[in-house]
Each structure stands twice: as C-alpha cells, then as structure tokens.
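Those protein sequence lines, which keep their order, are chains Y and W. Per my numbering, the first sequence starts with residue 1, numbered consecutively. Per my numbering, the second sequence starts with residue 1, numbered consecutively.
Simulated from the structure, these hints should not be mistaken for lab results. Zero decoy hints are in this set.
DSBU-like mimics (lysine-lysine), calculated; alpha carbons at most 35 angstroms apart, straight line: (1) Y/33 x W/250; (2) W/250 x W/164; (3) Y/188 x W/251; (4) W/148 x Y/139; (5) W/122 x W/86; (6) Y/188 x Y/139; (7) Y/103 x W/250; (8) Y/103 x W/251; (9) Y/207 x W/148; (10) Y/126 x Y/173; (11) Y/158 x Y/117; (12) W/66 x Y/188; (13) W/251 x Y/33; (14) W/66 x Y/245; (15) Y/36 x W/135.
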Amino acid sequence: MPFAILFLIMSFVLPEKQETTVYLIGDSTMADKEVKAYPETGWGMPFHYFFDSTVAVDNRAKNGRSTRTFIEEGRWKPVVENLKEGDYVLIQFGHNDEVPTKKSYTTPQQFTANLVKFVTESRNKKAVPVLITPVARRKFDSSGKIEETHAIYTQLVKDVAAKYKVPLIDLDKKSQELLQQFGPDDSKYLYNYLAPGENPHYPEGHKDDTHFSELGARKMAEIVLSEIKNLNLDLAQHIRVVHQKEKK
Amino acid sequence: MIKPGLKKALFVCLLGLVAFTLPIRKHTTIWMIGDSTMCQYDSSRFPLTGWGMPFAEYFDSSVTIKNEARGGRSTRTFIGENRWQKVADNLSAGDYVFIQFGHNDEAKNYPDRYTPPEDYRKNLMKFITQLREKKALPVLITPVSRRKFDSSGNAIETHEVYSKIVREVAAQMNVPLIDLDAMSLKLLQRFGEKNSTLLFMQLLPGENPDYPLGIHDNTHFNAYGARHIAELILQGINDLHLELSDRIFKKS
Chain Y
1 MPFAILFLIM
11 SFVLPEKQET
21 TVYLIGDSTM
31 ADKEVKAYPE
41 TGWGMPFHYF
51 FDSTVAVDNR
61 AKNGRSTRTF
71 IEEGRWKPVV
81 ENLKEGDYVL
91 IQFGHNDEVP
101 TKKSYTTPQQ
111 FTANLVKFVT
121 ESRNKKAVPV
131 LITPVARRKF
141 DSSGKIEETH
151 AIYTQLVKDV
161 AAKYKVPLID
171 LDKKSQELLQ
181 QFGPDDSKYL
191 YNYLAPGENP
201 HYPEGHKDDT
211 HFSELGARKM
221 AEIVLSEIKN
231 LNLDLAQHIR
241 VVHQKEKK
Chain W
1 MIKPGLKKAL
11 FVCLLGLVAF
21 TLPIRKHTTI
31 WMIGDSTMCQ
41 YDSSRFPLTG
51 WGMPFAEYFD
61 SSVTIKNEAR
71 GGRSTRTFIG
81 ENRWQKVADN
91 LSAGDYVFIQ
101 FGHNDEAKNY
111 PDRYTPPEDY
121 RKNLMKFITQ
131 LREKKALPVL
141 ITPVSRRKFD
151 SSGNAIETHE
161 VYSKIVREVA
171 AQMNVPLIDL
181 DAMSLKLLQR
191 FGEKNSTLLF
201 MQLLPGENPD
211 YPLGIHDNTH
221 FNAYGARHIA
231 ELILQGINDL
241 HLELSDRIFK
251 KS
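Working from the sequences, and respecting the hints, build out all of it.
Right under this line is the structure:
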C-alpha cells in the first residue's frame with residue numbers, strides 16, 4: 001500500500017518526458033545499411049548518435065528510392081500516421097528521382113509535388129519538415145574543380161523550401177565544399193573505395209562515387225547537424241551537450 | 001514425369017548428399033584481450049572506435065566475438081583486476097584468444113599501468129600456457145602503431161621494444177603471430193603524414209558535438225581507422241591459414 005501511494009505521487013512529480021522523433025526519409029546516401037554492405041555507410045547512421053535522450057532518430061531512408069517509389073511502396077504513409085506534434089521529418093531525395101534511365105525516375109513536376117506532399121502532410125500533423133538538397137556525388141572536372149551533379153533537382157528542393165517557407169539544409173552545396181577541400185584524390189577517403197582483397201564484403205574491391213565510407217557519412221552527418229544549429233531549430237537544443245575535459 | 005515415391009526417395013538422397021557436402025562447423029568463440037585500441041566503446045564517445053568493433057562484423061554465424069579488451073589496461077593490470085581469470089575460466093576447447101597489449105605496458109609515465117619488459121614477456125607466456133591448458137588457440141598481435149612521422153614524412157616505429165618481445169614469445173612458443181605493428185605502420189605510410197589523421201580521433205573544435213573542444217589523438221581510432229585496422233587483422237588471419245579463415249564472411 002505505501003508503495004502504491006509513493007508510485008502515485010511519483011507519477012505526478014516526475015514530468016512525463018515527451019520524446020521527439022526525428023524521421024529521416026530519403027535514399028541510399030542516408031539509409032542504415034545491412035552488415036553485409038559495410039563499410040558502406042549512410043549519413044543517417046552516425047546521425048543517430050548526436051542527440052540527448054529526449055530525441056529518437058527513426059531512419060526510414062531506403063536504398064534506391066525516389067520520392068515517387070517511396071510513396072508508392074507505402075513507406076511514407078506509416079511515417080505520417082505516426083507523426084506527433086513537434087516531431088521532425090528530414091527529407092533528402094533526388095539521386096534516384098533525377099535519373100531518367102532508372103525505374104525510380106520522377107519528373108521534375110512530380111518531384112516538386114511529392115516534396116510538397118511531404119511538407120503539407122507533416123504540417124497537418126504539426127510536425128516540422130526540413131528539406132535537404134541531395135548530397136553531392138564525387139565528380140571533379142579536369143582542373144580539379146568539383147562539379148554540380150544535381151543541378152535541376154537541387155533547385156527544385158530550394159524552390160519548394162522558399163515557396164512553402166520550409167527550413168532548408170543545402171547539403172548539396174555544403175558537401176561540394178567539403179569535397180573541394182579534400183580535392184580530387186583525397187575525397188576518395190570519404191566514399192566507399194576499397195582495394196581488391198581489402199574487405200571480405202567486397203572481394204573484388206570497390207569504387208563508388210556516390211556512397212560513403214564511415215568517414216564520409218560522419219562528415220555529412222556533422223554538416224546536417226551544424227545546419228540544424230544554424231537554422232535555430234528547436235531540435236538544436238537537444239543536440240547532446242558534452243562537457244569535454246580540457247587536455248592537460 | 002517422376003512418380004511421387006521416387007521423388008521422395010530422390011529428395012532424401014539429395015538431403016544426405018548435402019549433409020556431407022556442407023561442412024558442419026562447430027561453433028567457436030574469439031576472445032579478445034587487450035587495450036583501448038581494441039575495445040568496445042559506448043556510442044556516447046562516437047566516433048571513437050576500437051578495432052574489435054568492426055572486426056566482429058566480418059565472420060559467419062559460427063563465430064561469436066567476446067571483446068574483453070579495456071581502455072588503459074596493460075598485461076599486468078588486466079591480470080591484476082582478475083579480467084584474465086574470467087576469460088580463462090570460460091574458455092572452451094577450440095576457442096581463439098586474440099592478444100594485443102603493449103600501449104600501456106610500455107608507458108613509463110603511467111606507473112599504475114607500466115609493466116617492465118620482462119614482466120610483459122612473462123605475462124604473455126602466462127596467457128598462452130593457461131589458455132593452451134584449456135585447449136584454446138592463441139593468436140599474438142603486436143601493438144598497433146601510433147601515428148608518428150619524422151621530418152621527412154616517414155612513419156616511425158613506436159613500440160620497438162614491446163613489439164619485439166611479442167615476436168620473440170610467438171617464435172619461442174610457436175604461437176601464430178599477426179605483426180599488426182608492422183602492418184599498421186605500412187598503412188600509415190600509405191596514407192601519409194597528413195591523410196593518416198583521417199584514421200585517428202582528430203576533430204576540430206565544434207566539428208563534433210561529443211568533442212566540443214576538438215581532439216588531437218594519434219593513438220585512438222575513429223570508425224574509419226578502426227575498420228582499416230580490422231581489415232589488417234582479417235588479412236593476418238588469412239595469411240596464417242588459420243582454420244578461422246574459413247569462417248570469415250565469403251561473398252557467394
């Protein structure tokens with residue numbers, strides 16, 4: 001009996017901690033990977049680690065998906081159904097929308113309409129949408145200058161963000177700056193480059209200018225995190241605060 | 001058209017064949033004993049990663065990894081804190097014990113960890129003698145290199161005395177040796193002085209929320225570096241033609 005009373009009191013005293021969920025929707029550059037694909041790493045994987053205990057990151061991004069196939073396969077519907085007030089939806093598509101030869105191809109008009117759908121339906125549930133331009137591919141011109149690889153679809157994301165006043169993270173631009181800083185050769189470290197025989201998951205070796213290594217994924221996650229701060233989103237208040245000891 | 005009875009008989013025959021063709025692997029455990037360069041870390045310290053963490057991702061389901069390595073431990077303190085006894089008590093015949101110490105044994109400026117060379121040798125021999133009594137299989141590993149370059153850009157040996165002792169014990173007691181010190185030194189040389197920072201816990205102030213003041217560490221690996229070290233160990237297992245090599249993930 002005394003225990004029951006104590007329990008009753010405590011349930012009033014302890015404020016119920018409202019957990020914020022950050023949903024990630026997007027493609028392979030963001031997705032969690034199966035172990036057999038390691039060390040390929042989506043930037044959503046390290047992104048999990050940077051928040052305090054009031055925030056849960058739910059990475060729904062999937063390899064190969066465009067806005068269209070993400071919706072058609074019924075991947076968006078359960079996100080909307082679960083959204084609660086104050087949740088976030090981080091939206092990064094484009095890699096698979098923009099390629100006409102891919103089954104996932106989505107016309108510019110349809111891409112725009114799908115982004116608007118994500119934004120509107122998130123807001124209907126009082127959740128906060130954040131639009132993210134597609135992260136850069138590793139492509140340099142002969143003079144060693146980074147090339148834009150998503151010109152049209154990145155602009156479409158920016159247009160929707162401006163028109164609907166959606167917080168925007170220009171990851172395409174920021175990741176290009178990072179690639180430029182690394183340069184044509186060293187930027188390979190950011191991507192899933194493996195020599196033959198180096199890694200059991202890729203016995204023949206691997207050269208990939210789209211998908212990241214652990215290093216690249218973490219750097220991209222750090223960019224997104226830093227932009228969340230720059231945008232002054234409430235979410236920035238829940239980035240883990242660590243009191244690092246000064247080195248003697 | 002095959003009669004149903006015949007079909008069934010064929011199936012049973014086939015099943016019998018498959019049972020002989022597929023090797024039935026006995027389960028094995030890899031026990032990992034060592035220091036902070038090998039150990040598990042909580043995600044609160046990410047991107048700090050011991051090489052034992054990615055190492056565990058490259059075996060088939062017949063292998064269990066038990067990473068008992070702990071930060072700051074030398075052979076002496078690992079034994080003193082009863083960590084070794086706990087491993088020894090739980091060993092089964094056919095288990096592997098991967099042994100990588102040295103960073104803290106050799107640290108004279110940390111008297112609480114320091115182990116003089118001859119004690120280090122004795123402790124390694126103790127591990128091997130005791131685990132062999134349990135019919136377990138030792139693998140000795142020289143301490144992974146620290147990141148240190150000379151003024152002309154050559155990666156410098158950082159464990160000279162203690163790595164040599166590991167090699168000597170391996171030769172004397174006929175223990176499979178992975179010379180990780182030498183292998184990782186080559187890796188650092190391949191990356192070069194500047195790019196080898198990408199393998200270590202090197203972060204600018206403000207770059208990563210877990211290290212707001214930044215960090216400049218030439219001993220501990222980030223996720224990218226730990227994976228490269230794990231790849232060297234897998235390479236070492238293959239080079240030694242250990243039975244364990246057959247249990248490394250194979251792409252079908």
